[in-house]
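For the record, the sequence lines run as chains A and B.
Each residue of the first sequence is one higher than the one before, counting from 39 in this note's numbering.
Each residue of the second sequence is one higher than the one before, counting from 23 in this note's numbering.
Careful, some of the hints might be misleading.
If you want a taste of the chain A side facing chain B, the calculated C-beta under 7 Å gives, among others [said to hold, decoys possible]: (1) G80; (2) S132; (3) G146.
Which stretches of chain A does chain B cover? Using the computed rule of at least three CB atoms under 8 Å from a CB of chain B, they are [to be verified]: (4) 62-75; (5) 82-88; (6) 133-141.
Derived CB-CB ranges, DEER-like [claimed, not checked]: (7) B/D51 / A/S56: 34 to 40 Å; (8) A/D64 / B/T139: 34 to 40 Å; (9) B/E39 / A/A120: 40 to 46 Å.
Just so you know, the hints here were simulated from the structure itself, not pulled from any lab data.
Ideal Cβ placement from N, Cα and C applies to all residues, glycine included.
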Amino acid sequence: NAGVTQTPKFQVLKTGQSMTLQCAQDMNHEYMSWYRQDPGMGLRLIHYSVGAGITDQGEVPNGYNVSRSTTEDFPLRLLSAAPSQTSVYFCASSYLGGRGYGYTFGSGTRLTVV
Amino acid sequence: AQKITQTQPGMFVQEKEAVTLDCTYDTSDQSYGLFWYKQPSSGEMIFLIYQGSYDEQNATEGRYSLNFQKARKSANLVISASQLGDSAMYFCAMREGGDAGGTSYGKLTFGQGTILTVHP
Numbered sequence: 039n040a041g042v043t044q045t046p047k048f049q050v051l052k053t054g055q056s057m058t059l060q061c062a063q064d065m066n067h068e069y070m071s072w073y074r075q076d077p078g079m080g081l082r083l084i085h086y087s088v089g090a091g092i093t094d095q096g097e098v099p100n101g102y103n104v105s106r107s108t109t110e111d112f113p114l115r116l117l118s119a120a121p122s123q124t125s126v127y128f129c130a131s132s133y134l135g136g137r138g139y140g141y142t143f144g145s146g147t148r149l150t151v152v
Numbered sequence: 023a024q025k026i027t028q029t030q031p032g033m034f035v036q037e038k039e040a041v042t043l044d045c046t047y048d049t050s051d052q053s054y055g056l057f058w059y060k061q062p063s064s065g066e067m068i069f070l071i072y073q074g075s076y077d078e079q080n081a082t083e084g085r086y087s088l089n090f091q092k093a094r095k096s097a098n099l100v101i102s103a104s105q106l107g108d109s110a111m112y113f114c115a116m117r118e119g120g121d122a123g124g125t126s127y128g129k130l131t132f133g134q135g136t137i138l139t140v141h142p
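Take the sequences, apply the hints, and build the full model.
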């Protein structure tokens, strides 16, 4: 099915471990972004990309790295997990001209850091 | 500085009645886009409605309409004829910059959300 695929759906990490959250889209969208959702705070932008090879920081980038080597993939790396990174993570992609319908979200990854 | 404000943490409505969810925003851009998303308990983000800052008409999508008051910087969501399945979290979001693209195009700023409960 076309859309944004996030893996894994659930993950438990120990403090200090590293991991990569995967995000892939098959819609040839130029723009991709990562958000985290915490209770009472809505979704906050972590990193985003306007195309392959181009990334930039969002509102809460500390502790996370991204790269975009292809149009399709935009992985999010946690370098050394901390309990404060316990959250639900959403990947989204978008294309020019789609206005509202042009934005597609993945189903989310629920991460717990113990 | 908070750019999207949703002042109603929770709202209750009777089935078949209309409900308005409030959203105010702050931006210095002349071109921007406003979105509403629904997040049911299953967690996915469902797009509901979009309003461009230069759109002359208020956006409508079925039972959803967006009451856009540009001078007041408000973009309230109106749900008509509420249904039990409308019970969910609702987020207002903004994209700064126009529909033509640019570095801000893929970036959305979200409000804190409003939990809507529809009573039978």
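Here is what the structure says about each hint:
1. G80: Nearest chain B Cβ about 4 Å off; hint holds.
2. S132: 5 Å, holds
3. G146: With a minimum Cβ separation of about 5 Å from chain B (threshold 7 Å), the hint on A/G146 holds.
4. 62-75: This one holds; 5 residues, not fewer than the three required, reach chain B with a Cβ under 8 Å.
5. 82-88: holds (count 5)
6. 133-141: Answer holds; 6 residues pass the 8 Å Cβ test.
7. B/D51 / A/S56: 34 to 40 Å: 37 Å, holds
8. A/D64 / B/T139: 34 to 40 Å: 36 Å, holds
9. B/E39 / A/A120: 40 to 46 Å: 45 Å, holds
Every hint from the earlier list agrees with this structure, and none is contradicted.
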